[in-house]
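The sequence shown begins at 717 in my numbering and counts up one residue at a time.
There could be a bad hint or two in this list.
Claimed, not checked - With a cut-off of at most 35 Å between alpha-carbon atoms, the simulated DSBU-like pairs for lysine-lysine come out as follows: (1) Lys800 with Lys926; (2) Lys767 with Lys849; (3) Lys907 with Lys870; (4) Lys740 with Lys800; (5) Lys772 with Lys915; (6) Lys832 with Lys926; (7) Lys922 with Lys812; (8) Lys912 with Lys922; (9) Lys920 with Lys907.
Note that these hints are calculated values from the structure, not bench results.
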Amino acid sequence: MLSSTITEFREYCLNNDEWQECLKDETQTEYMRATKNNSVVSLKVISNDFKTFEPKEVYESICDPEFHKEWDPYLISWTVIDTKNEQTNVIRMLFKVPVITNREFVFDCETCCNEKDGCEEYFIRFESTDSDKYLVSEGYVRGSIGLSGYLIRKENNQTVLYCIGNSDIGGVVPKWIVNSMAKSTVPTMLKGLREKLAKYREWKNKQNEKK
């Protein structure tokens, strides 16, 4: 049975009501949506660029913190700093931001697999947690993450990836700059993931040999 938070995230991914389509090409469709009480927008990307991979393989590559550095050009580090339950860890992510001070995010990372109508669905949900419990890393500015993450599932026998991005990098950066950065950051990350994914198993085997 899905948790209430994963159920909410699933609906956020699959329901396009209140989302405005802003870009579409042969591999992906991008949508934007205003967030409650916040001038930062949510960005949703629905990509069929992963259609030749199995959903589980895409899911495992995203969940692997060391491989994450291989495809995300903005990631400095990804560390589990607490555990809430079997499905949810608290993550501290250090993040490169061009020109301005690098950012830190502390958030829940909830993962699970669900079978719906004979189709496996893999979820990775992010959302900021109580940041007062965790000190800000020296030299970083603390940002926040709204409902975000990934849903990977089969549709018409092809893997489809849904990615939601909703983050505020904090500080005094104008929100229009934050929104502009989001429009380029999410597609860039997905492109990097797609390019590296084919060699994930080879990369993983080499890492295991070093241990």
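Consistency of the hints with the structure:
A threshold of 35 Å between alpha carbons decides the hint, and for Lys800 with Lys926 the separation of about 31 Å falls inside it, so the pair holds. Between Lys767 and Lys849, the direct Cα distance comes to roughly 41 Å. Violation of the 35 Å bound is thereby established for this hinted pair. Under the criterion of a C-alpha separation no larger than 35 Å, the hint pairing Lys907 with Lys870 is consistent with the structure, at around 19 Å. Between the alpha carbons of Lys740 and Lys800 the distance comes to roughly 38 Å, so the proposed pair goes past 35 Å and is violated.
Our distance criterion of 35 Å between C-alpha atoms is met by Lys772 and Lys915, whose separation comes to about 15 Å. For the proposed pair Lys832 and Lys926, the alpha carbon gap of about 38 Å is over 35 Å, so the pair is violated. The hinted pair formed by Lys922 and Lys812 meets the criterion: a straight-line CA distance of about 27 Å does not exceed 35 Å. Of the supplied pair hints, the one linking Lys912 and Lys922 holds, its CA atoms being roughly 15 Å apart against a limit of 35 Å.
Simply put, Lys920 and Lys907 have alpha-carbon atoms about 20 Å apart, close enough for the 35 Å limit, and the pair holds.
Hints 2, 4, 6 from the list above are not met by this structure, while the remaining hints are.
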